[in-house]
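K.L.:
Sequence:
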Amino acid sequence: MTQFFLRRLLLLLPVLAGILFTTFAIARLIPGDPCYVALGERATEEQCNAYRERLGLNDNIGVQFTRYLGNVVRGDFGVSLKTSRPVSDVIVERLPMTLELTIGAMLFSTTFGILLGIISAVRRNSVLDVVTMIGANIGVSMPVFWLGLMLAYLFALTLKGTPLWIPPSGRLTSGLSIPPLTETFQLDGLAGFPLAAVTFASNMYTLNALLTGNVKVWTDAAWHLILPSVAVGTIPLSIIARMTRSSLLEVLNQDYIRTARAKGLMQRTVIFRHALRNAMLPIVTIVGLQVGGLLSGAVLTETIFGLPGIGTWLITSILARDYSVVQAATVVIAIIYVMVNMLVDASYAFLDPRIRLQ
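Under the working numbering, the letters of the sequence shown match residues 605 to 962, in that order.
Among the clues, some could well be false.
Quick list of the computed label-pair ranges, beta carbon to beta carbon [claimed, not checked]:
| no. | residue 1 | residue 2 | range |
| --- | --- | --- | --- |
| 1 | V667 | A953 | 21 to 31 Å |
| 2 | I707 | D680 | 37 to 47 Å |
| 3 | V744 | D792 | 47 to 57 Å |
Straight-line distance between alpha carbons at most 20 Å, and here's what the computed EDC-like set of lysine to aspartate or glutamate pairs gives [said to hold, decoys possible]:
| no. | residue 1 | residue 2 |
| --- | --- | --- |
| 4 | K686 | D733 |
| 5 | K820 | E787 |
| 6 | K686 | E649 |
| 7 | K686 | E697 |
| 8 | K686 | E657 |
| 9 | K686 | E645 |
| 10 | K686 | D637 |
Since the hints were derived computationally from the structure, they do not count as laboratory data.
All residues carry an ideal CB built from backbone N, CA and C; glycine is no exception.
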């Protein structure tokens, strides 16, 4: 297993190099001059030249890419061209929000997708099966931005004043806050990477509240994640439900399943102990691939629900021609996607012992 991870990590190097080059090139292709966005439309040519010289934008593309690559290797994503803040600091501040949303959407889509797929396969050709598959086809066709707006309209406006009301925006109810972990656990001496790691955990409100035992904040933070998680997780849920149904139906027709039933085993035992585990390989593959869709969907969802995540930051930075931020945000999202798929590959051996990680 250790050799597998080391080998996959080495294979990630050319992938990451390709991602860095592509994001660098795409960022430079964004039309417009970042100088006029940062200094205003009335900035003079002299002011813009000084601005570009200070940030190294007057150098040729090869020099800029080499300098960028060297900085990334040292863990430095540079500073924002618009705000002059270190990009790494903003990633630590905003990425936890996006991860909370992605994890919430993944839990929602995986749990209900597998459950609906099992029900549909077990009750094949029944009314329940037809309704479930029609719902899955509708769900996979709905754009994230449209579904997000409809959910916000229904649960935040139409059902306002009822027990079914759900907040349409924000991370916590107004007046509620949670202190950083450095303050709660009195970690004043931290610096560098340990400080960044603790700050990252602090900005993930559900994790922060869990570590500090603050049930009220945890419940409120989870309540605020419901609508965006459902919006971004509906398409993956539909795909997972359809895949679970087809994969389980194929396994249920195998001889060993008929033998298990002939022995008089309960239907629940046959499904969950014998059939589902063997049907999980394609389902796990689909779940891993959906992470990319969840991360890209989070970009739109954060904008609709006013969440201060990395997606909102990325859109704002694209409009501002903030090259450093666009490159860093894209690289971080790509790294998460690649790492999740590596874990999915590793899970194959656990689900099917016949598979060797060689």
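K.L.:
None of the hints should be skipped; say for each whether it holds.
P.N.:
Checked hints:
no.	hint	verdict
1	V667 x A953: 21 to 31 Å	violated, 45 Å
2	I707 x D680: 37 to 47 Å	violated, 28 Å
3	V744 x D792: 47 to 57 Å	holds, 50 Å
4	K686 x D733	violated, 53 Å
5	K820 x E787	holds, 19 Å
6	K686 x E649	holds, 18 Å
7	K686 x E697	holds, 17 Å
8	K686 x E657	holds, 15 Å
9	K686 x E645	holds, 14 Å
10	K686 x D637	holds, 12 Å
In this structure, the earlier hints numbered 1, 2, 4 are contradicted, and the remaining ones agree with it.
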